[in-house]
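Could you build the full structure based on these sequences and the hints that come with them?
Protein chains in written order, with numbering that gives the first Met the number 0: chain A, 0 to 567; chain B, 0 to 408.
The set of hints was computed from the structure by calculation and includes no laboratory data. Hints should not be assumed to be uniformly reliable.
Using 27 Å as the maximum straight-line C-alpha spacing, the simulated DSS-like pairs for lysine-lysine come out as follows [said to hold, decoys possible]:
1) K134(B) to K108(B)
2) K203(A) to K159(B)
3) K161(B) to K236(A)
4) K180(B) to K108(B)
5) K267(B) to K322(A)
6) K108(B) to K59(B)
7) K98(A) to K184(B)
8) K180(B) to K405(B)
9) K180(B) to K539(A)
10) K322(A) to K108(B)
11) K186(B) to K232(A)
12) K160(B) to K203(A)
13) K177(B) to K405(B)
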Amino acid sequence: MERQLFSVIHRVNSSLAVLVLAACWSAFILPSAAADGRSVLAEAVVTDDATRQIELVNQLAGATNEVVARALAAWRISELFLHETTDGVKVPFLLDPQKDAEDRQKGVRLVDGEPITDERGQPLAFATFELVPADTTSRLRRAIKTVLDLFAVANPNPRMRRDAVTKLGQERNPDLIPHLEARLETETDPHVTRALIEAIALTKTVNDDPAVRIAAIEELGTMRSLNGLMFLKDMEKEQHTPAGAAPQISAALRKSVLQIENHLWWGNLVGTAFRGFATAAVLLVAALGLAITFGLMGVINMAHGEIIMVGAYTAFVTQNIFKGWFGSSGLGFDSYFLVALVASFVVAASVGLILERGIIRFLYKRPLESLLATWGVSLVLQQVFRHIFGAANVQVDAPSFLSGSFAFNGSPIGFNRIFIIGFAVFIVFATWLLLTRTSLGLQIRAVMQNRAMAACVGVRTDRVNMMTFAFGSGLAGMAGACLSQIGNVGPSLGQNYIVDCFMIVVLGGVGNLVGTVSASMGVGVTNQLLEPWLGAVLGKIVVLSGIILFLQWRPSGLFATRSRSLDG
Amino acid sequence: MRKKSLLLSALAGVGLLASGSATAAETVKVGILHSLSGTMAISETSLKDVLLFTFDEINKSGGVMGKMIEPVVVDPASNWPLFAEKAEELLVKDKVSVVFGCWTSVSRKSVLPVFERYNGLLFYPVQYEGEELSKNIFYTAEAVNQQAIPAVDYMLGEGKKKFYLLGSDYVYPRTTNKILKQYLKMKGIPDDAIVEIYTPFGHQDYQTIVAEIKRFAAGGNATVISTLNGDTNVPFFKEFANAGLTSENCPVVSFSISEDEFRGLPAKELAGHLGCWTYFMSIRSPENTKFVGDFMEWIKAPKVTGVNYNVTGIDAKGRVTCSPMNLSRMGVYLWKQAVEKAGSFEVDKVRAAMYGQKFKGTAGEVTMQENHHLVNNVFIGETLASGQFKIIKTFNGVAAEPFSEKFLK
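Okay, here's the thing in structure tokens:
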């Protein structure tokens with residue numbers, strides 16, 4: 000019955016009389032068909048008249064049928080196809096996800112979910128290149144998007160709901176208000192509720208009644224709506240034209256814009272400060288290992304960057320092992336990162352140990368040779384990793400507790416950045432404890448100040464050197480695991496950090512941990528302060544020039560340390 | 000004694016000549032000028048692979064005018080002046096009939112005078128900024144109006160009103176964004192709705208930029224047009240996703256990410272964002288199914304039929320096909336057709352025969368225009384977590400126009 004009806008409709012396509020008839024008929028005889036909207040959609044797909052098509056799609060607003068939502072989404076991305084029967088009727092259909100042996104897929108008719116058949120009633124299977132997608136225009140895709148957003152307002156995922164509501168609000172289409180208000184009554188998630196109130200207020204700013212408009216404008220101001228700011232500003236501009244002037248609305252607009260901008264200003268301030276600390280933490284984490292090996296021990300360690308790389312690749316390998324055990328999500332997988340931090344310390348420390356025993360211990364008295372030797376080591380390490388893992392970068396996925404962010408007055412505060420700041424504080428504290436509260440620390444300081452005297456009083460300087468270098472390398476390895484969360488992991492990772500690391504250690508004053516901490520803070524915060532004004536390229540140039548000038552003025556850095564080992 | 004040696008050398012000379020002409024009758028030398036080491040190797044090696052595959056394909060079906068293609072592969076090592084030296088070596092020493100090569104614009108600019116001086120022939124396959132035309136280069140590459148302009152048109156069609164142009168700091172992004180800015184203004188987008196930002200190569204810290212984009216996108220209808228190059232995309236997209244920005248509230252269109260680059264990028268963070276090329280591996284056509292299938296088969300046991308050439312250094316793991324690869328292959332076929340039409344390998348004759356040459360490629364038919372660029376189909380694709388693109392919009396038969404003043408009117 001339904002099928003007959005549709006072939007009739009297809010033939011006298013776009014005839015309104017038949018449509019009205021069909022609508023009545025469906026309403027009386029086939030109530031389910033009218034309710035599910037599949038027939039309306041099928042009609043829309045084969046209609047040639049673009050305006051009529053959009054009308055039909057708009058009729059689907061508020062429909063609840065799952066298949067309609069799926070088919071609309073498919074249509075928008077050209078995954079809804081047309082089949083032309085022998086008598087020239089176009090039938091829209093979706094693909095059955097199951098593929099047969101020849102990689103062909105069956106078609107499922109949009110109207111009734113029956114398979115597409117040939118004249119003899121045999122189901123047809125299509126190869127991918129035989130498919131003819133139903134076309135769309137950009138206007139149509141936008142109409143579809145609105146209808147899909149209305150579907151998404153009922154999505155079980157609150158994040159999707161919020162995004163959909165926000166977008167519907169930005170359309171400022173008064174027809175949508177009933178849908179939004181209906182949802183507001185049943186909504187339980189506070190974020191979505193806020194988005195709904197915002198969307199309704201935003202839509203009401205184009206209401207004909209000035210009183211409603213003023214109320215809506217004030218509402219946006221009170222709730223500090225960042226999404227509304229642009230619209231309010233545009234409205235304020237219109238107020239300056241004689242046609243748009245209305246003193247009460249003007250005043251309301253000015254007040255709301257001021258409220259939101261003030262809110263945003265605080266957000267920016269906190270955001271910039273946070274970003275500054277985050278950049279400083281990254282620099283500090285990367286440079287702390289070098290502050291030990293170069294700063295305390297005086298080894299010009301050009302392979303420092305590659306030891307960071309070793310740590311990052313250790314995180315990658317740990318991740319893959321955990322993926323094999325627990326799959327790529329869930330608590331089991333997420334815990335990989337904590338294991339990776341420990342593992343990267345151990346692996347990098349061992350590499351450092353081998354490096355110290357194999358090469359560096361022969362070169363303590365010859366800094367220039369150690370520079371060349373460690374540079375050579377860095378090239379070897381890069382090639383080794385290129386050989387094992389390939390030249391392309393590898394992917395280290397963030398555990399769920401390090402992805403995402405929360406917004407402070409509109410400035411995103413990322414969880415991974417918070418973690419790095421915390422981690423930087425932790426390792427600085429741990430290093431301080433080690434150097435000042437343990438016997439190894441005492442020995443390290445003794446050897447650093449006067450190697451010969453330390454040896455005389457029975458400190459095994461050889462062993463202390465080995466341990467110190469391994470510890471510094473281990474810190475670099477942990478830095479690598481940390482940095483894998485924010486950037487690239489590839490054979491050239493070390494090259495990206497080595498210059499910054501030396502810069503921080505030298506600026507802070509060689510041989511002084513407090514100097515390293517202050518230098519990274521200074522560089523990080525200055526960098527983030529300058530970037531919004533000068534851009535990333537010029538900002539970096541200014542910071543580097545500043546450092547050069549500073550070192551001209553104070554060649555030994557922020558905190559000069561005098562020690563015999565450094566004086567040679 | 001002296002006479003004998005003269006005679007000997009004469010004999011040897013004749014012998015050499017004979018053997019030389021014997022091989023010349025059977026083969027034609029074709030140069031491949033792609034970096035196989037250095038920073039660009041990761042991208043350019045794929046093009047060398049697909050060129051060798053295409054030579055094998057052509058040799059198997061009888062070669063070019065009955066001659067087997069003999070590849071001459073050189074390695075300019077991502078070093079721009081070395082590109083010019085190697086190009087000269089190919090043209091003067093090896094006397095190749097044609098060269099396929101170059102990726103970056105700076106390498107192309109460096110070899111251009113060499114090709115003009117020796118009247119050589121170069122096919123260039125990678126999307127670029129235009130504003131150039133040499134009689135010795137055929138650009139199968141996407142011009143700005145075959146990539147950036149359709150992408151922006153699509154975004155305007157989707158109702159986007161604010162454009163954040165973000166790029167790495169070098170010639171391609173700067174030129175493209177200059178053109179785009181003018182184009183957007185022409186389309187009625189006001190100045191304050193366009194932001195243009197550059198970051199240095201290898202930039203790691205995208206916090207400030209992402210925070211700015213977040214504020215920029217707050218009113219809705221915003222999009223990012225990205226010409227960020229290489230692995231700076233990783234920190235950018237990680238930061239972008241972390242800040243709660245998605246393809247839903249602020250889509251990113253990237254011009255430098257194809258299937259091949261995608262292999263080194265975080266798939267999860269990139270899914271849903273857009274790309275714009277004249278070819279995607281996911282294109283549905285019998286030609287593409289065959290190309291992808293044959294190529295995947297070929298890399299397992301790579302060889303070039305009919306000539307004594309040892310194929311080495313091909314990594315068969317996780318390979319994909321992408322637009323620059325497809326355009327490289329198409330260049331070889333267009334050259335073959337032009338040679339056969341001209342009945343000669345001479346550059347001037349081949350060039351004349353090239354105009355109007357049509358080829359039914361994997362993504363539909365292309366035509367070589369007199370401006371040395373192609374008429375080609377353009378696709379907008381949405382990235383999937385699988386590293387493939389889902390085609391969501393097709394622009395048929397877009398004629399490349401290298402000079403922006405012609406389409407900015």
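Structure-based check of all given hints:
| no. | hint | in the structure |
| --- | --- | --- |
| 1 | K134(B) to K108(B) | holds, 14 Å |
| 2 | K203(A) to K159(B) | holds, 22 Å |
| 3 | K161(B) to K236(A) | holds, 18 Å |
| 4 | K180(B) to K108(B) | holds, 24 Å |
| 5 | K267(B) to K322(A) | holds, 15 Å |
| 6 | K108(B) to K59(B) | violated, 34 Å |
| 7 | K98(A) to K184(B) | violated, 47 Å |
| 8 | K180(B) to K405(B) | holds, 15 Å |
| 9 | K180(B) to K539(A) | holds, 26 Å |
| 10 | K322(A) to K108(B) | violated, 46 Å |
| 11 | K186(B) to K232(A) | holds, 22 Å |
| 12 | K160(B) to K203(A) | holds, 21 Å |
| 13 | K177(B) to K405(B) | holds, 15 Å |
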